[in-house]
Every structure is written in C-alpha cells, then in structure tokens.
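Asker: The lines below spell out each chain.
Number of protein chains: 2
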Amino acid sequence: MQWLTHISQEYERELEDIRTKVLSMGGLVEQHLKMSIDALAAGKTDIADEIATSDYKVNNLELEIDEECTEILARRQPAARDLRLVLAVIKIIRDLERIGDEASKVSRVTLRLIELVSPKSYYVNVLNIGNHVRHMLHDALDAFARMDAAAAIRIAREDISVDREYDAAIRQLITYMMEDARSITTVLDVVWMVRALERIGDHVINICESIIYLVKGKDVRHQPLDDLAKELQQEAPPS
Amino acid sequence: MQWLTHISQEYERELEDIRTKVLSMGGLVEQHLKMSIDALAAGKTDIADEIATSDYKVNNLELEIDEECTEILARRQPAARDLRLVLAVIKIIRDLERIGDEASKVSRVTLRLIELVSPKSYYVNVLNIGNHVRHMLHDALDAFARMDAAAAIRIAREDISVDREYDAAIRQLITYMMEDARSITTVLDVVWMVRALERIGDHVINICESIIYLVKGKDVRHQPLDDLAKELQQEAPPS
Chain W
1 MQWLTHISQE YERELEDIRT KVLSMGGLVE QHLKMSIDAL AAGKTDIADE IATSDYKVNN
61 LELEIDEECT EILARRQPAA RDLRLVLAVI KIIRDLERIG DEASKVSRVT LRLIELVSPK
121 SYYVNVLNIG NHVRHMLHDA LDAFARMDAA AAIRIAREDI SVDREYDAAI RQLITYMMED
181 ARSITTVLDV VWMVRALERI GDHVINICES IIYLVKGKDV RHQPLDDLAK ELQQEAPPS
Chain F
1001 MQWLTHISQE YERELEDIRT KVLSMGGLVE QHLKMSIDAL AAGKTDIADE IATSDYKVNN
1061 LELEIDEECT EILARRQPAA RDLRLVLAVI KIIRDLERIG DEASKVSRVT LRLIELVSPK
1121 SYYVNVLNIG NHVRHMLHDA LDAFARMDAA AAIRIAREDI SVDREYDAAI RQLITYMMED
1181 ARSITTVLDV VWMVRALERI GDHVINICES IIYLVKGKDV RHQPLDDLAK ELQQEAPPS
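Chains as they are written, first to last, in the numbering used here: chain W, 1 to 239; chain F, 1001 to 1239.
In isolation and in its complexed conformation, chain W is listed as follows (with noise of 0.2 Å):
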C-alpha cells in the first residue's frame, strides 16, 4: 500500500507541476505583452528588439509542457477532472504561445515605426486595447489559477468592448490614412498592430473556455456567454 501511495503522490506531483508551468508560461507571456506595449508608449528601440525576438523562449516553454502533458496521458491514464486537466492545459498553452507571437508582432512593428516619428496621437487607442487585453490575460491566469470558471466567463464577456475598441481605433486610422494619402504605408502598420492586439483578446477567451470546460466538465465553445453563464450558475459541479 505504501508503494500506492507512493505512486499516487508522485502523480498528484506532476499535475500539480503542468499546473505551475502553465502559470510560469503565463507569466511570461504576459511580461511580454506588458513590455511590448510600453516600448510602444515610450518608444524604447532596446525593449522591442527584446521582445521582437525572444519568442523562442515562450515557444521552448510551450514543447517542454506539451510534452509532459502527452507524458503524462502515456503513464498515468488520467481520468475525470485529471484528463480534463492535461487536455485543457494542451490548448492553452497553444493560446499562451499565439499570444506571445502576437505581442512580438507589435514589438517588430514598433521598431519600425520608431524611426518614423509618427505622431503619439496614432498610438492613444492602440495603447488602450494593449492595456485592456493585458488585464485580461492576467485575470484567465488568475482564474485558471483558482478554477474559477465564474471568472472566466466573466472575462470573456469582456471580449465585446475589446471589438468595441477595435471598431474605433479602426475607424480613426482610416480617417488618418484618408487625411493624408503619403501616411498609409504607416499608418497600415498601426492596423497591424491593433489587429494583433484584438486576436490576443481573441485568445484570452478561447483559454477562458478551456478553464470552464476544466472546471466545469464542459465544451463552450461556440455557446452564447449569457446562456451559458445562467446555466452554469444552476448547476453542481461535475466528479
């Protein structure tokens, strides 16, 4: 028996440490996304140069769990919430990795535009929605953190004023680019980057399903929020 428990322990172990990486990978990806859009918003050439390119770090991060997870399903045959544990750390890892691309696409873009002195008004919007998405990024982790799946819905229903953003910070650069036909190569940049932000907020809601799904024992993807969020609230938890 005490062999068991042995091998109980050392399973309970190593689910606990996907757990911890997920978080660690979390973490990161979210300093990265932090510090893409301040050196947008200060302009500082050497943080987006650092960012731009060491993505490679959330990408080793993303193969080394990925791996334990498939590890994992091979030896120990989780079951119940265990094997919804491994599958949704697998997919969100995935989006933690989309977004660690995503802030080192704003990151390039940034370094682009830094040589062209664009004026700061370009930026008041795009530095908005960074921001917005980055809290977030950080409230999913916070809720995967405590398997709060109430939280994750919540954070997900913010996705409409993140597109709500969007919407305008489009409209206005089109305004710029029509103002002025020579800005459009830069300003385009600058869609870019608002697109990037808009699809990590993208993300953010796709791990926020996994941690319901976790949670809950529930695929919700493709599920109106508010339905959901009622049905969840009548009912009891899953084994």
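Mixed in with the good hints, there may be bad ones.
[What the hints assert, rightly or not] Below, computed lysine-lysine pairings styled on BS3-like, alpha-carbon distance capped at 25 Å:
| no. | chain 1 | residue 1 | chain 2 | residue 2 |
| --- | --- | --- | --- | --- |
| 1 | W | K91 | F | K1034 |
| 2 | W | K21 | F | K1091 |
| 3 | F | K1218 | W | K218 |
| 4 | W | K57 | F | K1218 |
| 5 | W | K218 | F | K1021 |
| 6 | F | K1091 | W | K218 |
| 7 | F | K1091 | W | K57 |
[To be verified] If you want the footprint, here are the derived chain F segments under chain W, 3+ residues with CB under 8 Å:
| no. | region |
| --- | --- |
| 8 | 1061 to 1067 |
| 9 | 1076 to 1083 |
| 10 | 1181 to 1190 |
| 11 | 1215 to 1224 |
[Stated by the list, open to error] So the derived label-pair ranges between C-beta atoms look like this:
| no. | chain 1 | residue 1 | chain 2 | residue 2 | range |
| --- | --- | --- | --- | --- | --- |
| 12 | W | E10 | F | A1079 | 16 to 24 Å |
| 13 | W | Y11 | F | M1147 | 40 to 48 Å |
| 14 | F | A1150 | W | E179 | 49 to 57 Å |
| 15 | F | I1160 | W | D38 | 17 to 25 Å |
Hints were generated in silico from the structure; no laboratory data involved.
Glycine is no exception: its CB is placed at the ideal position from the N, C-alpha and C atoms.
Given chain W's structure and the hints, the job is docking chain F onto it.
Answerer: Quick look at chain F alone, frame taken from chain W:
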C-alpha cells in the same frame, strides 16, 4: 481471448472513425473555402451568404470529434502511435475550425463588397492566394489520409511563397489606397480578405506539423523546415 479480440477490434474501429471524421470535416472546410473564393470571383451573393452563416456545421464537427477523442483517452488509454493520433487529431480539428472561420470572414467581406461594384482588378491577387491555400489544404488532408510526413514537409514549405504573394498583394492594395483616398475603406476590406487567406496558410502549416508529429513521433513546431527535411530523411520510423 475472443472477448479481447472483440475489444481490440472495437478500439481499432474507434480510431479509424476519428480519422474518417477528420477527413469529412476537412472536406467540408475545403468546400467552404472553395465556395467562398468562387463567390468572390463570380460575385455570387447567395453562395457568400451561405458560407458566411454556415460555420456552425464545422464548429459542431469540431466539438463532436473532440469529444470522441476525450472518450478514447478516458476509456482506451492509448499509447505510442495511437496516443499520437488522438493528440494530433485534437490539434488538427482546431486548425480546421479556424480555417472554416476565416473562410466565413472572406464571405462576410465579399457580401459587403459585392454591393460596391469595385473593380475586379482588386481581386486578382486575392483569388490567386485563395486558390493557393486551398490547394495546400487539399494536399495536407491527403497527406493526413496517407500518413505521409514527406508530403507534409513539402506543403509546409510552400508557405514561403504564400507569404511572398501576400506581401505583393498588400503592396498593390496600398497603391490603390494612395491613388484614391475615397477607396480606402473598400480596399481595407480587401486587405482583410488577403489577411484571412494568409492565416489559412498558417493553419495548414500547423496541420502539416501535426501530421509530421503523428507519423514521425517528433514535435517539429518552431523548427526550420530545411533542417527537418534532412533529419527525417535519415531516420527510421518510431514505434
């Protein structure tokens, strides 16, 4: 023993079933992509309308296959290649779903553009890229059906030429915007289409990477394709 043979046959059938369903889902997505490109080329509102609103079919297939994969993991505890198949399928269907999403986006933009009677010249590059990524998707599904890692590498390498076509298309669209500021909103819509098609190319590459992982037992994401081609040539297949 007969009992065991029976279980193992059933298990084989389940694995075969998810493979078949991935191919059906892939076929549907490919059809949606083709229709969305054709609708743009021929200015067909009815087809564009159908594709813009029918991504729920693809979504449902994703959820269904994903659930079957989870079931197999929970009940059959697959190992080695079977485990890789299930994990690869979970990733592939996610990419297929995104491709379906992007195809719907193309059709939504098509619906907006059809009313504006824009010059056909805007579309030439879009259609070329569209057909290119459609062929890549078709070939990737073929490579999955035949478990052909060499083909998957070949297809993934084509992304370089899609990127080139994408850059050329964007440059041309910028010229249009510069020539006529009133066209900016319309041309930007075309930019979104080109962008959506380019992303489809990215998802096809992800699918190819999943196929290589499945066949060769190697996670090849974030690795240069040239190195990989050489490496895989020298290697024996895994268990």
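Asker: Run the structure past the numbered hints and jot down the numbers of the failing ones, going up.
Answerer: 1, 3, 13 and 15
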